Each structure stands twice: as structure tokens, then as C-alpha cells.
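Start from the sequences and build out the full structure, keeping to the hints where you can.
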Amino acid sequence: MAEVKETKLFIFLDKEDIKRMEGTIKFDGDLVRLSSDGDIEFVRAENNAAVGRGCGLDERNKKLADIIKAGQNVQIQVYKKGGFVPIDVTASDGMLDLRKIVKKAK
19 MAEVKETKLF IFLDKEDIKR MEGTIKFDGD LVRLSSDGDI EFVRAENNAA
69 VGRGCGLDER NKKLADIIKA GQNVQIQVYK KGGFVPIDVT ASDGMLDLRK
119 IVKKAK
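Under this note's numbering, residues 19 to 124 are what the sequence shown spells out, in order.
It is possible that part of the hints are untrue.
Each computed EDC-like pair below joins lysine to aspartate or glutamate, with the alpha-carbon atoms no more than 20 angstroms apart [said to hold, decoys possible]:
hint, residue 1, residue 2
1, Lys37, Asp106
2, Lys33, Asp106
3, Lys98, Asp35
4, Lys99, Glu34
Label pairs and their calculated CB-CB ranges [unchecked claim]:
hint, residue 1, residue 2, range
5, Lys37, Asn91, 25 to 33 angstroms
6, Glu34, Asn91, 16 to 24 angstroms
7, Asn91, Lys121, 25 to 33 angstroms
8, Lys33, Val103, 28 to 36 angstroms
9, Lys37, Val103, 13 to 21 angstroms
10, Pro104, Arg38, 18 to 26 angstroms
11, Lys121, Gly100, 27 to 35 angstroms
Calculated from the structure, these hints are not laboratory results.
Since this is a predicted model, take the numbers as computed values, not measurements.
Positions of the beta carbon are idealized from the N, C-alpha and C atoms, including for glycine.
Below, the structure written as C-alpha cells:
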């Protein structure tokens, strides 16, 4: 099982990627699915393993507030083309438009 540390947020662009990763990665951060319109869906974890279940709006907003603090540097990993691509952002970039952040990942 792969282990990734020091990352606050793992972003998946496709629900199928989440299903493929299920049980294959241990992580300290939160998993998020990013839809094409820029909305996000947090994915629950069981025993620090990825599972593809979303959470409600209130829980999502609380988690974002817990993850991103004003002025804080945050590492985000975007799952693209079969692997994670790390990108560093600041909270001022941060959660305003995740689509722009994802475009930074090559």
C-alpha cells in the first residue's frame, strides 16, 4: 500500500479513479473529487483508506475551513494520468477556484 505524507488535500477528477484507488493508498490528508463545474465533494475514508462516498455540504465546508487557514501554504496532490502530481498553493490562491489549481498540475 502506497503512503503519501505532508499533503492536506488529494484531488480526483473522476469518480472511477477513486474506485480504482480504493484500499491502495494510506494518507494523512483529505480526499476530494472535483467536478467540471468546480464544485467539490469530500470523500470519506475508513481506516485511512480511500472509499468513494461523499459527505454533506455542512461537513464539506467545515473540512475546508479546517484544512485551509488564511496565509497558510498547502500541498495538494492531483490524481492525473494514473498518478499523483504534487502542487503547492497558498490559502490566498487556495480554495477560491480549485480548477485553476488543478491546471497547475502537469
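Going through the hints against the structure:
1. Lys37 x Asp106: The hint is violated at about 25 angstroms.
2. Lys33 x Asp106: 23 angstroms, violated
3. Lys98 x Asp35: 9 angstroms, holds
4. Lys99 x Glu34: Answer holds: Lys99 to Glu34 is near 12 angstroms, not above 20 angstroms.
5. Lys37 x Asn91: 25 to 33 angstroms: 31 angstroms, holds
6. Glu34 x Asn91: 16 to 24 angstroms: 31 angstroms, violated
7. Asn91 x Lys121: 25 to 33 angstroms: 19 angstroms, violated
8. Lys33 x Val103: 28 to 36 angstroms: 19 angstroms, violated
9. Lys37 x Val103: 13 to 21 angstroms: The hint (13 to 21 angstroms, Cβ to Cβ) holds, given that Lys37 and Val103 are roughly 20 angstroms apart.
10. Pro104 x Arg38: 18 to 26 angstroms: 19 angstroms, holds
11. Lys121 x Gly100: 27 to 35 angstroms: 18 angstroms, violated
In this structure, the earlier hints numbered 1, 2, 6, 7, 8 and 11 are contradicted, and the remaining ones agree with it.
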